[in-house]
Amino acid sequence: MKEPFIRDFDPIDTFVTPWATAADAAWNGQIVLMGFLVCLSCGLVGAFIVVRRLALMGDAISHGILPGLALAFIVMQSRALLPMFFGACIAGLLCSACIEWLQRKSILKPDAALGLTFTSFFALGVLLISLHGSNAHIDPDCLLYGEIGLIPLAENLSIAGFEIGSRPLISMLAITILVILALTIFYRQLLVSSFDLTLAKTLGLRINLIHFGLMLLLALTIVSAFEAVGVILVVSMLIFPSVTAAFFFTRMPAILLCSIPLSVIYSFGGFFLARWLDCSIAGAMVLVAFLCFVCAWVIGSQGGLLQRAPYLRRAVAES
Amino acid sequence: MNAIYSNPIPVRGWSIPLVPFALGCIALFALPAHGEQIGGTNDGLLERSLRFLSLSDGSVRMVVMGTLLMGFGCGIMGGHIVTRRLSLFGDTLSHAVLPGVAVGFLWSQSKDSWAILIGATLAGFLGVALISMIRKTTRIRQDSALGLVLSGFYAFGICMLTRIQKMEFGNQSGIDKYLFGQVVGLSESDLWTMLLSCALILLLTVFLYKEMLVTGFDSDFARSIGLPVEFLQYLLWLLLAFSVITSLQVVGVVLVSALLVIPAATASLMTEKMDRLLFCSALLGCAAGVIGSFISFLGSHLPTGPLIVLVSAAFFLVTLLFHPRTGLLPQWLSSRDRDRRILRENTLKAAYQELEAMDFKQEIVPVSQLASRRRISMPQAYREVESLVTKKFVTIHSPPGDASPSLQPVMLSLTPKGWETACRIVRNHRLWELYLTNEARYAPDHVHEDAEKIEHVLGEETVRRIERILSNPRRDPHGKLIPSQQDIERGFVA
Amino acid sequence: MTDAPSPLEIHDLTVSYQRKPVLYGIDLVVGEGSLVGVIGPNGGGKSTLIKSIMGMIPHNGGWVKIFGKPPGKSCSRVGYVPQRESVDWDFPVSVLDVVLMGRYNHAGWFRRLGKKDRRIACECLEKVNMLPFADRQIGKLSGGQQQRVFLARALAQESDLYLMDEPFAGVDAVTEKAIIEVLRELKSQGKSLVVVHHDLSTAREYFDQLVLLNMRLIAVGKVEDTFTRDLLQKTYGGRLTIFTEVADQSAGIREYDKERRSVSSME
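Chains as they are written, first to last, in our numbering: chain A, 1 to 319; chain B, 1001 to 1494; chain C, 2001 to 2267.
Simulated from the structure, these hints should not be mistaken for laboratory data. Remember, it's a predicted structure, so these values are computed and weren't measured experimentally. Careful: at least some of the hints might be erroneous.
Stated by the list, open to error - In silico BS3-like cross-links for lysine-lysine, where the CA-CA straight-line distance does not exceed 30 Å: (1) A/Lys109 <-> B/Lys1391; (2) A/Lys105 <-> B/Lys1273; (3) C/Lys2177 <-> A/Lys109; (4) B/Lys1391 <-> B/Lys1453; (5) B/Lys1136 <-> C/Lys2073; (6) B/Lys1273 <-> C/Lys2187; (7) C/Lys2187 <-> C/Lys2116; (8) C/Lys2187 <-> C/Lys2177.
To be verified - Here are some of the chain C residues that sit facing chain B, going by a computed Cβ distance under 7 Å: (9) Tyr2080; (10) Pro2082; (11) Met2101; (12) Tyr2104; (13) Val2223.
By construction, the Cβ of each residue, glycine as well, lies at the ideal position given by its N, Cα and C atoms.
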């Protein structure tokens, strides 16, 4: 065994070499940009998901899209954009609808209904892919942790004969813009219905519609992000930014805006970390997010550990 | 009364399924096995089934053993987890152990089951400790805390695994099979770890049954009688970690939590008693394991893990829809039957009221009068009358002097059965109105609506009691006659 | 005059939660065969008192002795009836299973409960009129019925000191009467009961000693001595209207009771 598990840290190789040549810079730039867009869009949508205690519903939807993806691949025999989106969104929304139906109609507890449904959907998806996946060139491992490094390799999208960029990147950009627009336009409705459902009802807001809209946005974000980071790491991108920001800010606009610098940190940090350790880039991005979370947890000005130190000692003693 | 004095889990009862199970395990290991390759592609479906069921294939035996043990262990642990509303903890734990798997692999430089078990257990405990620390020191909610640890640890694990794959010895390790599971890669030491895990779980369930029961139901009370609630909780986590880790090989990271949740959820639909729930859950887990591996053996390119999950999901759906007590279909059918019964009873009541309006001098009621009293259209009235005819509550007559009987019946009279039911409903209605007016001091004009609902559900025993309380009254608040038992038995007398 | 230690002795008990004091300087002695009610405003620390006696909430001052020993050592002699919030009502246990939990102390670890335990459990259920429901799942009962089952569980423990946290909260009149009957019977057998109570109008009637608590001990003693206008005002924050309302209620409640009794006897 000649190679050590953790390689020696070479600053030049890690930080400088990626941008050395123009071709390399373009390649790596796309990767970092994709990462940034994924983190940003997931972070924005995730802020509302977290506040509505739907974090694990996000986990469920991200697994639930699998049978839809598989069917789209099998039927279209290719990784074409629209059928994939369509199939995955339908499957994701169907999964969340099933969960909510089970929670209402059966005597099952809510968490059991959730755990039961999305794993069944996922199993169905894996089965479908195993049966016919070889035709569509899907690598099952890619589903679980993505292959962001191959984004620049994906086929280019062309509109009116102009090649504008790799398809996943462009679709992610489009989704990010959609998310920003949707959250800006419906900000007040989302805010009220997230914090005070009764008030929202008395104000005449269409709560079910807002919920459905949010689920749709969530599904779209997950579908466009999964190719980069895989279905499980999408969940982390939904939760980490807003939870980290909440250690410093208490108001929602600030938390939402905080997603931007955090996304920059996650994407660049993850890229460099992966270069050093030679591991999955998506995994590295989440590791960076985790580290940021731990730092914020300790030093945060709104309920961080250091701030609560006298209480902390007592809390540990009481537990 | 004797039933109350009997034991909830008779030891004898448990031994009955366990003894053949244990014997079967020994037999599987002891009997000689053929060293045949699976995948003789020219075998037809029947041949493959026979080869599987005869358990003569060594690799088949391993697979069956592995899935049985996994189904058993996950079934019982799932029962504890689901009843304590910890279903999603199982999911979190299955993702959080991944870095531990990688560490165990690195440490032993090979796919040593015991090293992986230890490493993964440590990682799992670290994850659980982190979740409880987050809950205690921040305002982060439970689901977000679970999601954080789940994805954070998983990412750490993925980083390590992808790194290992790129190292020299890494890509032959099969370490990536932990993500989706690959049941044919089960080694004998894997089976031993599974057996140990199942044995520990069984010991916990049998010997610490009542301690687990009280800590799950009412932890404050458990603390008050001196039980070490935290220690028992950690014991539960430990065994959960064992069953998760030993199942990773078979079904992979994501689907382990399926096997923890689905059989137990199905069992919770079937029974309300903890001991039966655990038993059913284990049975369902085993059945799903064996059937799933059977189906995957029959075909090619059929992955075992997802099939096991889908089989258990099928069990769940069947139970959800068809279980006699909690199933959706029986409930729908019975509520439909109840609605129909109420409709019939309302029609009969209207017929009675029509007869009463004529002072019981006639025994024939025109359907048109029925329709107007019920305030419904004629076609609807005809439909109601038809259903009454089918159930033999009324007989229809054509109007006198009509030579050719018309297609639509226009008159009806009550059969004895119909009379009895009509009297009963009217009696219930008027008795209840009187009761509300006299004893509960309702205003007389407020009682009708309530009586309209209650009349259909008042049981005979309650009716007797009300009659006694009101001293067998003859008239209701509006002065109408309350049919007595003699009136009902006498039948309609004009 | 025996030298036996009192069932409950508290000296200078102080409890705080994240720097905020919740209880301070509580002194209390409870003798054998006493029925003690703890009353006071919400947030005054009544539940906290019970929980810190049981050792569930740590205290940072003073000590607690149960039959002369610290709380952890006399578990078997103390019966705790908690508020109903910590319970998972969907748990697959029947009424009988819950009452049998009161016998776990007597059975010890790893051992199954025997016929004697089941007999005692059934007798306790009989005392609270819940034996017909023995096989029903615990979540399928009304609030009053559930409270009676928890009382049966406490009876099954055969303890000498009972600590009850709002046993009358949310129960109907019939159940309330049934519960107070059982408590009085326990008292006549020489047991000691400390009961957190929320309803001023019945406090005077049910208990023979009262503890008036609002973060600190306002008064403790016989009902006649403690249930006075001045002390109640001090406990509840000095609002005259509260006391007059209570007095009116106490007067009116006797009329209301007669009517309720006639309706409830039909069930």
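Can you verify the interface hint for C/Val2223: is its Cβ closer than 7 Å to any Cβ in chain B? violated, 28 Å
Below or equal to 30 Å on CA atoms is what counts here, so check C/Lys2177 against A/Lys109. violated, 35 Å
Classify the hint on C/Tyr2080 as holds or violated, based on whether any CB of chain B lies nearer than 7 Å to its CB. With Cβ-Cβ at 4 Å, under 7 Å, it holds.
Is the shortest C-beta separation between C/Met2101 and chain B less than 7 Å? holds, 5 Å
Taking only the CA atoms, is the gap from B/Lys1273 to C/Lys2187 under or equal to 30 Å? violated, 35 Å
Hint status (Cβ of C/Pro2082 to nearest Cβ of chain B, threshold 7 Å): holds, 4 Å
CA of B/Lys1136 to CA of C/Lys2073, is that 30 Å or under? Judged against 30 Å, a Cα distance of about 28 Å means the pair holds.
Per the CB criterion, is C/Tyr2104 less than 7 Å away from chain B? Because about 6 Å separates C/Tyr2104 from the closest Cβ in chain B, which is inside the 7 Å limit, the hint holds.
Within 30 Å, alpha carbon to alpha carbon, are C/Lys2187 and C/Lys2116? holds, 24 Å
30 Å limit on alpha-carbon distance, applied to hinted pair A/Lys109 and B/Lys1391: violated, 41 Å
Check the hint pairing C/Lys2187 with C/Lys2177 against an upper bound of 30 Å on the C-alpha distance. It holds: about 15 Å lies between the C-alpha atoms, which stays within 30 Å.
Restraint status (C-alpha distance of A/Lys105 to B/Lys1273 at most 30 Å): Answer holds: A/Lys105 to B/Lys1273 is near 21 Å, not above 30 Å.
Checked against the numbered hints given earlier, the structure breaks hints 1, 3, 6 and 13 and satisfies all the rest.
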